[in-house]
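Undergrad: Turn these sequences into a full structure, and let the hints guide you.
Each residue of the sequence shown is one higher than the one before, counting from 39 in the working numbering.
Among the clues, some could well be false.
Cβ-Cβ distance ranges computed for the label pairs, FRET-style [claimed, not checked]:
| # | residue 1 | residue 2 | range |
| --- | --- | --- | --- |
| 1 | P71 | S304 | 43 to 53 Å |
| 2 | A202 | R170 | 17 to 27 Å |
| 3 | V52 | G250 | 24 to 34 Å |
| 4 | R80 | E249 | 27 to 37 Å |
| 5 | V269 | A202 | 14 to 24 Å |
| 6 | T252 | G278 | 28 to 38 Å |
| 7 | A202 | G285 | 26 to 36 Å |
| 8 | I266 | P214 | 19 to 29 Å |
| 9 | Y116 | V294 | 23 to 33 Å |
Straight-line C-alpha distance at most 16 Å; calculated EDC-like pairs for lysine to aspartate or glutamate [claimed, not checked]:
| # | residue 1 | residue 2 |
| --- | --- | --- |
| 10 | K159 | D198 |
| 11 | K159 | D188 |
| 12 | K159 | D191 |
| 13 | K159 | D53 |
| 14 | K290 | E302 |
| 15 | K290 | E246 |
No lab work stands behind these hints, which were simulated from the structure alone. Each residue gets a CB set at the ideal place from its N, CA and C atoms; glycine is no exception.
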Amino acid sequence: MTPAPLRFITCGSVDDGKSTLIGRLLHDCGRVPEDQWQSLERDSLRLGSVPGGAPDFALLLDGLQAEREQGITIDCAYRYFSTPRRRFIVADAPGHEQYTRNMATGASTADAAVVLVDARKGIVVQTRRHARIIGLLGVRDVVLAVNKMDLVDWGQAAFDAVAAEFASLAGVLGIPRVASIPISALNGDNVARRSGACRWYTGPSLLEHLEGITGDACRADGAFRLPIQHVIRDGQDFRGYGGRIVGAPMRKGDRVRLAPSGVESSVR
39 MTPAPLRFIT CGSVDDGKST LIGRLLHDCG RVPEDQWQSL ERDSLRLGSV PGGAPDFALL
99 LDGLQAEREQ GITIDCAYRY FSTPRRRFIV ADAPGHEQYT RNMATGASTA DAAVVLVDAR
159 KGIVVQTRRH ARIIGLLGVR DVVLAVNKMD LVDWGQAAFD AVAAEFASLA GVLGIPRVAS
219 IPISALNGDN VARRSGACRW YTGPSLLEHL EGITGDACRA DGAFRLPIQH VIRDGQDFRG
279 YGGRIVGAPM RKGDRVRLAP SGVESSVR
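TA: As structure tokens, this is what we get:
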């Protein structure tokens, strides 16, 4: 039986390789049409950040002109792809602090999250911020993708240090399932397929792990959720909050609780 489509988000600090990772996944799954690939090759020579004009897979995701000019992700970009085993909907979240609310929007409907960390820098403030948002929104399946391992010569000690620190953070945030995978998004090592570049790692590739996520516990209680995505103002005397309902519907008289403050109110 084919599992249900998996919605997941890639998140983490700026320049840790989120857009490159998704671009590489799309390419390795054969989901980049020939005309788009030719356009990518041209844009990589003109705008890409990869030395020698090699394909800059991040350009497959960063479609806004400002994103391409600055080499950053600003808005959440959604992509659809599939393998013989599963279909996927992935949200590429921005890493910059000022666009954190866009990341929260993408995470609000995710069944799983891929948190990228640059192996050279380790876990930074924005990594922790994104992890906290993931925990708050009830995402229970997380993959820690320790990226750019080729730049630390695939050192196991560097990987183990990042994995241990994130495991401790996940425990504090109540994230129950974390899988740590060493990758090189640019080169494709352990992304869609297992790589011989990392002989000490014997686990699945990132894609293999995502194909096997059941999502059985994610929002399993079916309770009403409203992840807040924007503030609605109508003059000086009204402030409302907008978002998309997740889980069960609500009715007049139902009690609701704000997280993380715990303040309660009722539906009028």
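Undergrad: None of the hints should be skipped; say for each whether it holds.
TA: Results for each hint:
no.	hint	in the structure
1	P71 with S304: 43 to 53 Å	51 Å, holds
2	A202 with R170: 17 to 27 Å	18 Å, holds
3	V52 with G250: 24 to 34 Å	30 Å, holds
4	R80 with E249: 27 to 37 Å	33 Å, holds
5	V269 with A202: 14 to 24 Å	39 Å, violated
6	T252 with G278: 28 to 38 Å	36 Å, holds
7	A202 with G285: 26 to 36 Å	34 Å, holds
8	I266 with P214: 19 to 29 Å	24 Å, holds
9	Y116 with V294: 23 to 33 Å	28 Å, holds
10	K159 with D198	13 Å, holds
11	K159 with D188	13 Å, holds
12	K159 with D191	14 Å, holds
13	K159 with D53	11 Å, holds
14	K290 with E302	15 Å, holds
15	K290 with E246	44 Å, violated
Figure legend: structure checked against the earlier numbered hints; hints not met, in rising order: 5 and 15.
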